[in-house]
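Chains as they are written, first to last, in my numbering: chain A, 979 to 1185; chain B, 979 to 1185; chain C, 979 to 1185.
Wrong hints could be hidden among the right ones.
Identical chains blur together in the list; that is why a pair holds if it fits in one copy or across any two.
Mimicking DSSO-like on lysine-lysine, the simulated pairs with C-alpha atoms at most 30 Å apart in a straight line are [as the list claims (entries may be wrong)]:
{"no.": "1", "residue 1": "Lys-1041", "residue 2": "Lys-1022"}
{"no.": "2", "residue 1": "Lys-1012", "residue 2": "Lys-1044"}
{"no.": "3", "residue 1": "Lys-1183", "residue 2": "Lys-1041"}
{"no.": "4", "residue 1": "Lys-1120", "residue 2": "Lys-1044"}
Hint data in this document are derived by calculation from the structure and do not stem from the laboratory.
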Amino acid sequence: MSFLFPHSTDFYDLFERSAAKAVEGAQLLEALVKAFNDVSLKAKRIKDVEHEGDLITHETIEKLNKTFVTPLDREDIHRLISSLDDILDFIEATSERLSLYNVKDIRPDAAILVDILVQSTREVQQAVGMLRHLKSGDSVLKYCTEINRLENESDFASRSAIAKLFEPNANPLEVIKWKEIYDCIENAVDRCEDAANVIEGIVLKNS
Amino acid sequence: MSFLFPHSTDFYDLFERSAAKAVEGAQLLEALVKAFNDVSLKAKRIKDVEHEGDLITHETIEKLNKTFVTPLDREDIHRLISSLDDILDFIEATSERLSLYNVKDIRPDAAILVDILVQSTREVQQAVGMLRHLKSGDSVLKYCTEINRLENESDFASRSAIAKLFEPNANPLEVIKWKEIYDCIENAVDRCEDAANVIEGIVLKNS
Amino acid sequence: MSFLFPHSTDFYDLFERSAAKAVEGAQLLEALVKAFNDVSLKAKRIKDVEHEGDLITHETIEKLNKTFVTPLDREDIHRLISSLDDILDFIEATSERLSLYNVKDIRPDAAILVDILVQSTREVQQAVGMLRHLKSGDSVLKYCTEINRLENESDFASRSAIAKLFEPNANPLEVIKWKEIYDCIENAVDRCEDAANVIEGIVLKNS
């Protein structure tokens, strides 16, 4: 299938650039939670990356609206770029809340969750990178399966992290803050799974 | 219209199995809130049902991606199976939180809300069951109207349940927990309405 | 392009009526937060407007399901009417919470946010009003750019409003209430941006 879409590689470029931005954002978030200082400065950098991702998304949508024959179903292009964009949005929402809520001490569970997120974005990047030369869907599907596994792991980890927040003498303000931060990270991982589901569908249609 | 889609009854099977899982999940949740003991065990059973529902959803999406001519619009098949899947996801989210948050006493409003949810899933099951033999849309639309009515009832009940949480000396941790539990149930009922809206659209297109 | 869709102006009527309802709802919410009395009565009036908006949405979906050749892509019609409907849903969710949570004193930040929302709905109404006579997309795109700017402004304002809630001795119950109220207003502005994105796509496709 590698010669099926000879003149339309641009959409793949855009997907790859978008997935690379998601990885970059996740890694910056990892650096932030591992060395929890200069929070607003580091959050600002993630905000910039998210904005760079937005530009890629807008370029993709504009191209989609101006292209008559697309290499993949229009709906799939829209869904894939939207879920890639959403990953970065939730990464930025996480760092923004860490800064905005004036969080003093990072909780160890945050690092565990962000670590799963970094892995998920890398798997998404690998899967997206194979869409262009879709000789065999098998290895793409392996990445998708791994992303699903990571989402289950993240789901379990975030639920137990949230349960820990509700100890009897917990400060309710801290519970509200951290619950939202954990939810943001979990949502970012969920969006990796959304991207994987779109990719899986593309592979199945073309196999 | 009963002979319109002679060779494609499988999608209907999948919808019916998915709707039946939603009813099963809602009934298990009803059993849980009515006899509030062995919470983690009962929540685990609902988790299993949700997983069984996931498999039906994946089978449907896979079939959709491999089927060239579908008995209903592709987008409608995707939307219907997604909303059926979402119903069960929110049912499971509810039981999971009852277990995770270590809830000791069930609030009576929970039973009221879950009762509406059980009714809604049953109406959805009835409406889905008629899609296959769509001789006349009238009776399907009656179910959809009833689902809309139940959603309004649920909306009103969950809002008043939430308002009750905010009494002046309320424990904020309990408010956070219960607000989320009520929201989960209400979301499950909302997804029943989403399913009804898709079904309504299918009937209108084919009338 | 003004003669391109001669026989199908009804969808444009419906969009215009829906956008007008969003403006009406936003203005009623503005009146509520500026003169914060008779809250439940004023919230009831917004509820009525939201219901009137629902009827327009249902009429549009029904028409879409019964129309074979549509003046715009079916998916765009569905997305546009859905985002217009969502604007009003979040406006109503805001007023409903102000009433339901028995809020005694309005916070000044609420008026700032609602002011941005009113501006956004007016820009949406202008953009929607030009869809019918789409001679040049330029001025439509100007409105879309302004809606995006307002969304950024609203994003910044709601984040700083939420940050202010978390002062060390804050009443957690008030934090929960107000955080949700601010989120509802912000969501309404986000839906204005969704509508702008759909409109932008329509203009690009037809230019």
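Enumerate the violated hints, using their earlier numbering and listing them in ascending order.
2
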